[in-house]
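With the hints as extra help, turn the sequences into a complete structure.
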Amino acid sequence: GAGVSQSPSNKVTEKGKDVELRCDPISGHTALYWYRQSLGQGLEFLIYFQGNSAPDKSGLPSDRFSAERTGGSVSTLTIQRTQQEDSAVYLCASSLMPLTNTGELFFGEGSRLTVL
Amino acid sequence: AQKVTQAQTEISVVEKEDVTLDCVYETRDTTYYLFWYKQPPSGELVFLIRRNSFDEQNEISGRYSWNFQKSTSSFNFTITASQVVDSAVYFCALGGGADGLTFGKGTHLIIQP
Numbered sequence: 002g003a004g005v006s007q008s009p010s011n012k013v014t015e016k017g018k019d020v021e022l023r024c025d026p027i028s029g030h031t032a033l034y035w036y037r038q039s040l041g042q043g044l045e046f047l048i049y050f051q052g053n054s055a056p057d058k059s060g061l062p063s064d065r066f067s068a069e070r071t072g073g074s075v076s077t078l079t080i081q082r083t084q085q086e087d088s089a090v091y092l093c094a095s096s097l098m099p100l101t102n103t104g105e106l107f108f109g110e111g112s113r114l115t116v117l
Numbered sequence: 003a004q005k006v007t008q009a010q011t012e013i014s015v016v017e018k019e020d021v022t023l024d025c026v027y028e029t030r031d032t033t034y035y036l037f038w039y040k041q042p043p044s045g046e047l048v049f050l051i052r053r054n055s056f057d058e059q060n061e062i063s064g065r066y067s068w069n070f071q072k073s074t075s076s077f078n079f080t081i082t083a084s085q086v087v088d089s090a091v092y093f094c095a096l097g098g099g100a101d102g103l104t105f106g107k108g109t110h111l112i113i114q115p
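Going down the list, the protein sequences come from chains H and G. FYI, in the working numbering the residues of the first sequence are 2 to 117. FYI, in the working numbering the residues of the second sequence are 3 to 115.
Please keep in mind that the hints were generated in silico from the structure rather than gathered at the bench. In this text, all values refer to a predicted model and were calculated from it rather than measured experimentally. Quick reminder that beta carbons are idealized off the backbone N, C-alpha and C, glycines included. Hints should not be assumed to be uniformly reliable.
On the chain G side, residues computed to face chain H include the following (Cβ under 10 Å) [to be verified]: (1) V6; (2) Q8; (3) A9; (4) T11; (5) I13; (6) F37; (7) Y39; (8) F49; (9) R52; (10) G64; (11) Y66; (12) K72; (13) G102; (14) L103; (15) T104.
Derived DEER-like restraints, expressed as beta-carbon distance ranges [said to hold, decoys possible]: (16) G:S44 x H:G29: 20 to 26 Å; (17) H:G17 x G:T82: 49 to 55 Å; (18) G:P43 x H:S28: 40 to 46 Å; (19) G:A83 x H:G29: 33 to 39 Å; (20) H:S39 x G:P115: 40 to 46 Å; (21) G:P42 x H:M98: 24 to 30 Å; (22) H:V13 x G:P115: 34 to 40 Å; (23) G:P43 x H:R65: 27 to 33 Å; (24) H:T77 x G:A3: 38 to 44 Å.
Just so you have them, the derived chain H footprint on chain G, three or more residues with Cβ under 8 Å [stated by the list, open to error]: (25) 20-27; (26) 105-114.
What follows is the structure in structure tokens.
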């Protein structure tokens, strides 16, 4: 597709359930990022994938959060045993090259997660 | 650790006024990159500008201009003759390595007709 695609756009779940959020980056983009945006807050970095290298997981808030990227393209962010504080918009971004090479980030429209 | 501060949480001006959004950053990196993104009500962040730390030239793009001052660690964004379509949340961000960007909390800009 032309842009970064995320699904679902909205997800309502019950506390304790697992959720999966999907990100389809722009074709050919080697770098992929997940961010979380809570109400009234800035963007919180979660995880970064660059090519086939091991991901930078330094931003994941707890071991309930995990992410994978298959074949260097589509990524899935999984949240296990969801808690109400996990409610946020989860944004995915991709770039053609790492930011050290001044690549620009292209963002998807986000997946809004509501945990009841 | 990197930090970006956008002290203005919300600004409201009347259309055609000029408005400046402040951004102050902290980093120990000697080479870093500064960004501004716009998030309209639709939610998708839109890239506006990237500035390298070694390039202190100010930049103008139409009604938008950016003032990068390394001495004060600031990268302010000015919109001249604001329009209602400029209403959005604007994020300043800092990148210094291969990791994701560090974002400020954003400034909600409201342009009243």
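Quick rundown of the hints versus the structure:
no. : hint                       : verdict
1   : V6                         : 8 Å, holds
2   : Q8                         : 8 Å, holds
3   : A9                         : 13 Å, violated
4   : T11                        : 8 Å, holds
5   : I13                        : 15 Å, violated
6   : F37                        : 8 Å, holds
7   : Y39                        : 8 Å, holds
8   : F49                        : 5 Å, holds
9   : R52                        : 6 Å, holds
10  : G64                        : 18 Å, violated
11  : Y66                        : 16 Å, violated
12  : K72                        : 17 Å, violated
13  : G102                       : 4 Å, holds
14  : L103                       : 7 Å, holds
15  : T104                       : 7 Å, holds
16  : G:S44 x H:G29: 20 to 26 Å  : 25 Å, holds
17  : H:G17 x G:T82: 49 to 55 Å  : 51 Å, holds
18  : G:P43 x H:S28: 40 to 46 Å  : 28 Å, violated
19  : G:A83 x H:G29: 33 to 39 Å  : 38 Å, holds
20  : H:S39 x G:P115: 40 to 46 Å : 30 Å, violated
21  : G:P42 x H:M98: 24 to 30 Å  : 26 Å, holds
22  : H:V13 x G:P115: 34 to 40 Å : 35 Å, holds
23  : G:P43 x H:R65: 27 to 33 Å  : 31 Å, holds
24  : H:T77 x G:A3: 38 to 44 Å   : 29 Å, violated
25  : 20-27                      : violated (count 0)
26  : 105-114                    : holds (count 4)
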